[in-house]
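Just so you know, the protein sequences line up as chains Y and L, in that order.
Numbering of the first sequence is given in the working numbering, commencing with residue 1 and proceeding in unit increments.
Numbering of the second sequence is given in the working numbering, commencing with residue 1 and proceeding in unit increments.
Source of the hints: derived by calculation from the structure; they are not laboratory data.
Bear in mind the structure is a predicted one, so any value in this text is a computation, not a measurement.
Yeah, the Cβ is synthetic: ideal placement off N, Cα and C, and Gly gets one too.
Incorrect hints may have been included.
To be verified - Here are the simulated DSSO-like pairs of lysine-lysine, each with C-alpha atoms no more than 30 Å apart in a straight line:
#1 Lys182(L) <-> Lys58(Y)
#2 Lys190(L) <-> Lys135(Y)
#3 Lys43(L) <-> Lys58(Y)
#4 Lys135(Y) <-> Lys21(L)
#5 Lys182(L) <-> Lys91(L)
#6 Lys43(L) <-> Lys229(Y)
#7 Lys229(Y) <-> Lys58(Y)
#8 Lys168(Y) <-> Lys43(L)
#9 Lys138(Y) <-> Lys182(L)
#10 Lys91(L) <-> Lys58(Y)
#11 Lys21(L) <-> Lys88(Y)
#12 Lys182(L) <-> Lys168(Y)
#13 Lys293(L) <-> Lys109(Y)
#14 Lys231(L) <-> Lys135(Y)
#15 Lys43(L) <-> Lys231(Y)
Unchecked claim - Partner residues aside, some chain L positions facing chain Y, computed with beta carbon under 8 Å:
#16 Gly58
#17 Phe178
#18 Gly181
What follows is each chain in one-letter form.
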Amino acid sequence: MDSNEILKLEFTALNIRRNILRLIKAGGSGHVGGALSSVEILTALYFNLLNIDPGNPKWPQRDRFVLSAGHKCLVLYSALAERGFFDKSVLDTYGALDSHIPGHPNMHKLPGVESNTGALGHGLSIAGGMALGFKLDKSPARVFVLMGDGELAEGSSWEAAAAASMHKLDNLIVFVDRNRLQISGPTIEVMSYEPLDERWRSFGWSVRTINGHDMNSIITNVMQAPFEKGKPSIIIADTIKSKGLSFAEGKLSYHYWKATPEEMKQADLDLEVIENQLKEKYSKEHQS
Amino acid sequence: MNELIDPRKAFGEAVIEAAQKNPDVVVLSADSSSGSGLTNFPKLFPERHFEFGIMEQGVIGFASGLATTGKIPVFAAIAPFVTARPFEMFKNDLGYMNQNVKVVGRCAGLTYDQLGSTHHSIDDVALIRTIPGVMILSPGDPVTIKKSVHAMISHVGPCYLKIGNPKMPVLYPENIDFQLGKGIVMQEGKDVALIGTGTVLSKAVGAAMLLEQKGISVRLIDMHTLKPIDKELILKAAREIGKIVTVEEHFIAGGMGSIVSEICSQEFPAKIKMIGIGDFYASNGPYEQLLGKYGLQPDQICETIIRFLNTE
């Protein structure tokens with residue numbers, strides 16, 4: 001993929017991380033760890049891969065994105081705002097009474113949200129039903145899902161996995177944000193579903209594993225989906241929880257972050273560093 | 001004697017009729033279509049029937065997703081497995097998401113008589129009525145089962161329809177005026193209002209006949225829609241008669257009797273007797289005998305009402 005385009009997406013990912021901080025500044029706290037680990041995935045989806053129209057969010061032929069791990073809503077709100085589904089000032093209402101952006105997404109409150117998730121293990125079934133509906137209508141629309149790796153312990157996820165394979169839903173593309181941490185500790189210690197690739201393959205899925213922060217890899221792989229005709233595709237994205245915040249990366253305690261003023265100051269500085277790195281990369285590419 | 005018809009047969013025929021009229025109607029099965037009177041559906045509409053095997057939680061989610069694409073999914077299976085088991089999916093994926101899905105609990109109440117408490121469904125109304133926006137239908141004869149199916153498919157929004165299993169008597173002519181949310185006054189009366197629903201409506205009808213023979217005038221009401229319930233009809237009975245008896249094959253806690261009591265206690269207190277099942281796991285055995293064990297046969301209902309009327 002064109003390196004200029006990738007760099008542009010990386011700048012967008014930075015803006016989305018800034019939107020996430022804006023939400024935390026408004027609400028004081030939130031599920032930041034898993035939101036930051038999936039920024040590149042949502043950036044690639046909302047700014048390159050999804051066939052959507054922010055001006056017409058209910059367009060019937062649109063691709064769907066289901067955030068099965070609904071607690072990662074900060075990244076969804078940030079991506080939707082960045083993409084122009086609603087004014088960014090909405091982000092400043094996080095935590096307020098009757099806000100349109102609750103701690104788990106509500107499709108009736110905000111344009112661009114496709115399902116009311118939050119209770120884990122629901123999203124894949126809902127997305128499977130959408131994909132089945134598109135198959136029935138012979139629609140070219142596709143359905144994308146983001147699941148958490150901790151979420152995979154919900155048995156209902158595997159009901160959906162079996163059914164999606166049985167019904168040959170090759171218009172269904174799932175990301176697992178494998179940041180390897182959940183509230184009580186490392187996912188492999190709390191309730192391991194490793195090896196994920198073998199498990200999904202045994203459920204009839206076509207599986208790939210990528211670096212979930214590598215924009216080029218996310219896009220290139222999705223463009224090759226379905227990886228096998230007649231099978232649903234899953235991308236196991238290896239990520240770092242709280243990616244982008246120096247003090248929080250890979251740390252369990254930032255699953256849900258109650259930000260201190262000092263931490264927030266550092267977070268802003270961290271994103272400035274990322275911005276400078278991207279600018280440097282940009283000037284190098286344009287010199288050469 | 002009224003004609004006896006399998007409620008599942010009436011249900012299945014109505015779904016097929018609805019599917020013939022409306023191409024958006026699809027059926028989802030958790031290894032449950034054949035037991036739900038829908039054996040012919042996949043033969044007639046192979047593209048519109050989706051088998052999932054025994055995974056009720058998953059099916060509710062799939063139904064929700066299908067509904068977001070404009071389909072009208074009908075999902076019928078054994079009542080406890082579409083209500084109590086996938087309750088959170090019902091609440092979030094259908095209720096909270098407000099999706100146009102029709103969930104049908106068959107073999108509801110005690111009608112899976114011999115199979116014991118895992119297969120009885122005497123808590124479904126109590127559970128599902130806590131979900132905002134979900135319509136609950138509990139028709140009491142084969143004619144109104146068919147009418148309920150057509151009405152719920154025309155209605156846009158999540159619905160729960162409960163039906164039984166044993167053959168049940170036809171209580172209504174085909175041209176009965178059936179409207180969602182409107183109870184049917186089957187007989188006028190002035191001494192007591194008797195409200196029946198679902199599988200034991202016919203028992204309430206029998207009890208009303210016995211009471212009339214004893215000179216007690218009964219206003220007999222079929223409450224086929226439990227949510228939204230016909231509040232006006234209940235309050236009218238409270239105002240005009242002041243004595244109300246409810247009959248249902250359901251826990252007393254949380255069922256139709258509770259709904260009626262909640263309305264009356266808030267708006268027009270009346271004397272109320274709730275006939276149903278107490279706070280215990282129901283036993284197993286032949287269906288009619290089980291109903292008798294819990295006081296749901298016509299002569300028992302009649303006696304309970306006489307005692308109720310005599311305790312002023």
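A quick look at each hint next to the structure:
no.	hint	verdict
1	Lys182(L) <-> Lys58(Y)	violated, 34 Å
2	Lys190(L) <-> Lys135(Y)	violated, 58 Å
3	Lys43(L) <-> Lys58(Y)	violated, 34 Å
4	Lys135(Y) <-> Lys21(L)	holds, 21 Å
5	Lys182(L) <-> Lys91(L)	holds, 25 Å
6	Lys43(L) <-> Lys229(Y)	holds, 27 Å
7	Lys229(Y) <-> Lys58(Y)	holds, 28 Å
8	Lys168(Y) <-> Lys43(L)	holds, 21 Å
9	Lys138(Y) <-> Lys182(L)	violated, 40 Å
10	Lys91(L) <-> Lys58(Y)	holds, 23 Å
11	Lys21(L) <-> Lys88(Y)	violated, 46 Å
12	Lys182(L) <-> Lys168(Y)	violated, 44 Å
13	Lys293(L) <-> Lys109(Y)	violated, 50 Å
14	Lys231(L) <-> Lys135(Y)	violated, 43 Å
15	Lys43(L) <-> Lys231(Y)	holds, 26 Å
16	Gly58	holds, 3 Å
17	Phe178	violated, 30 Å
18	Gly181	violated, 23 Å
In the structure shown, a violation is registered for the earlier hints numbered 1, 2, 3, 9, 11, 12, 13, 14, 17, 18, in ascending order.
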